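Novice: Below are the chains, spelled out letter by letter.
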Amino acid sequence: MALAIQLDRVTKRYKVGRSRTIIDVFSSAVDRARGRQHEIHSAARGTIDSTIYALHDVSLDVARGAGLGIIGRNGAGKTTLLKLISRVTWPTSGRVRVGGHVVSLIELGAGFHPELTGRENVYLGAGLFGLTRREVDRQFDAIVQFAEVERMIDTPMKRFSSGLYARLGFAVAIYSRPDIVLVDEVLSVGDAAFRRRAMEALRRLIAEGKTVLFISHDMWNVRRLCTDILWMEEGRVRAYGKAADIAEQYVNEVNLETLANQSIALQSHRGGTGEMRYTSVELLDAAGRPATFVRSGETLVVRAGYRTDHSVPRPVFQMAIIDVDTGIVVATASSSGDSASIPATVSGVGTLECRFHRLPLRPRQYVLRLSISDSHQLASYDVVIAGPRFAVTGTGHGVDGLADEEDGLVSLPFEFSHYTATAVGADR
Amino acid sequence: MTTDHSGTIVLHDRADRISAAAYIELLLNLTKREVKGRYSQSYFGVIWAIAQPIATMLVFTIVFSRLARMPSGGAPYPIFAFAALVPWFFFMNSAASGTLSLVTYRNIVTKTYFPREIIPLAQICSRLIDFAAAAVLFAILMAYYGVRPGAWVAVAPLFFVLLVLFTIGFTFAASALNVFYRDVYPMVTIGLQLWLYLTPVAYPLSAVPPRFKWLFVLNPLSAIVEGFRSAVVFNRPPDVGLTVLSIVLIGTVFVAAFATFKRMDKYFSDVI
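Protein chains in written order, with our numbering: chain A, 1 to 428; chain B, 429 to 700.
Simulated from the structure, these hints should not be mistaken for laboratory data. This one's a predicted model, so the numbers in the text were calculated from it and none came from an experiment. Mixed in with the good hints there might be a few duds.
To be verified - Computed list of lysine to any residue pairs in SDA-like fashion (alpha-carbon distance at most 25 Å, straight line): (1) A:Lys242 with A:Arg196; (2) B:Lys694 with A:Leu60; (3) B:Lys464 with A:Thr155.
With the sequences and hints as input, model every part of the structure.
Specialist: Structure (structure tokens):
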């Protein structure tokens, strides 16, 4: 296996705390001359000698032509890893070895100067990636075309919108003949059309045998681009392997964490007049066991307790399922059309169950919004904006549901039919 | 990317070697960026580059020549002063903006790899434009005062090389130190103000009292401005002893500064 990148027991330590000043250098020299231990922790000036490990003893081989997704929470060492590979910074110990021309997109258009025109900045930016003037000449049209800046190319960059700026930065980078491309969460800028073209460009680079390292919090993009995933946690490699496996582990753990941390207390984000209140909300599976994970296609039961000191005529109970990432209301169950199960007048305490049969949801995280309103739905007695959360998992084969074919919010029943052109002609 | 006999890629500890030509172009592009950024949207543009030595020359002429009756070795005082002010301002402006340059360009230092010395070098190269503009003005002044250069003008390039080397050396050291200790920049700017008066710019080295002379001899800029003056204005051979000593000093400063810079540059992006 030809390697593109090799890290051998790499540790990167950063000093944190306030910066050293020239006084620290003098005072430590004076202290040393007097034969005393230099007092680093000065109450007046603060500590300077605390360190953090951005990376801790990381060893890693990346094959040539790999699309490697790098995931992990903030501060896990993902960006530090890219900076070490791109030689922007050097390891405290260990070795980083790289085969080929590295182009890093840690920030798009970092080398551009606002006073220079787009054209001049293409030459400047490509120069930062190691291209000569003649090489840029050859790529120039392709760069401009990719970034779609034909109209603005001779305008100073300070007149560019931030999206245009980023587009030109990205175009310059990928046309700089890279062997290894490092992408750090930069595709969050720009419009959807550009993001799609950028993803396609990265995919094409991988197809051409280039190596792409891709940091993103967007699991969907990671799964679309990457064959392997590196999961970083607190400066160490948590897991490294096939994208499908690591993605499943990661999503499951993220789900577990967020679901474990939620308080069932319905105190926060509460609205309504208060004449009638939910007192508890539980999520259950078909067998009545508490469930925070539901498989796609299985049954979810929401059991809610309520209480009122009044006598409320025909209250309307509503339960909405909302996609956590997008805030889209995927479905709403309302008792307004179901006069049979809700008594004409409600008072005291009671329990209500709502059953979602064969939940047709895709593997994502969802949150419940619950409300009680009057019979005409003009006034709300109670609104629980952020109720309990649950995660839908894939059907049997884990969270492989992040692949293209399982994209989207709901799974609709569908059926393909196919007719060849001649058959259509014959029908007529 | 290098490939060995078996066709597999060889991994390197250092970044991929990019052709020197590409880095020279990067230096030129950064220089252009610097010049354009400095003078764009100003009406007089590069004229400002010569306004600085002219204004100082006028002040010096009034203060040192008219009021203090400073000797100028027989040459018209404005020519005498200007011959030293042109190299002086090249050094001063390069050193001042060069010291700050790595911090100013932190967004590319922390985000892309390239030899870091290109950044202070671009500052110095951009001041060469100013130097050239001032040199043209100097030629006009020489013609105006009827001072004709002689054969010794041929050694002026030597002093130009010494000036550039010393400027690079000083700027490398100061810019690298300024990354770690931000007090360096204000120290440099104040130091440059004093340095001007401790260099024979407004007066000849011969006017310095003997007991202070060692201070001027150890200042490589003394040999440079005196050398320029004797070569261009007075058509005389330079002071050989002084010049040789300053060649040694400048060589030492340059090597030491470059070594310091290369030792520190790995850590620039961590602390900047």
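Novice: Would you mind marking each hint as holding or not holding in the structure?
Specialist: Hints and how they fare:
1. Between Lys242 of chain A and Arg196 of chain A, the direct Cα distance comes to roughly 24 Å. Compliance with the 25 Å bound is thereby established for this hinted pair.
2. Annotation: proposed proximity of Lys694 of chain B to Leu60 of chain A holds, straight-line Cα distance about 22 Å (limit 25 Å).
3. Among the hinted pairs, Lys464 of chain B with Thr155 of chain A is consistent with the structure: their alpha-carbon atoms are about 14 Å apart, no more than 25 Å.
Against the hints set out earlier in the document, no violation occurs for any number.
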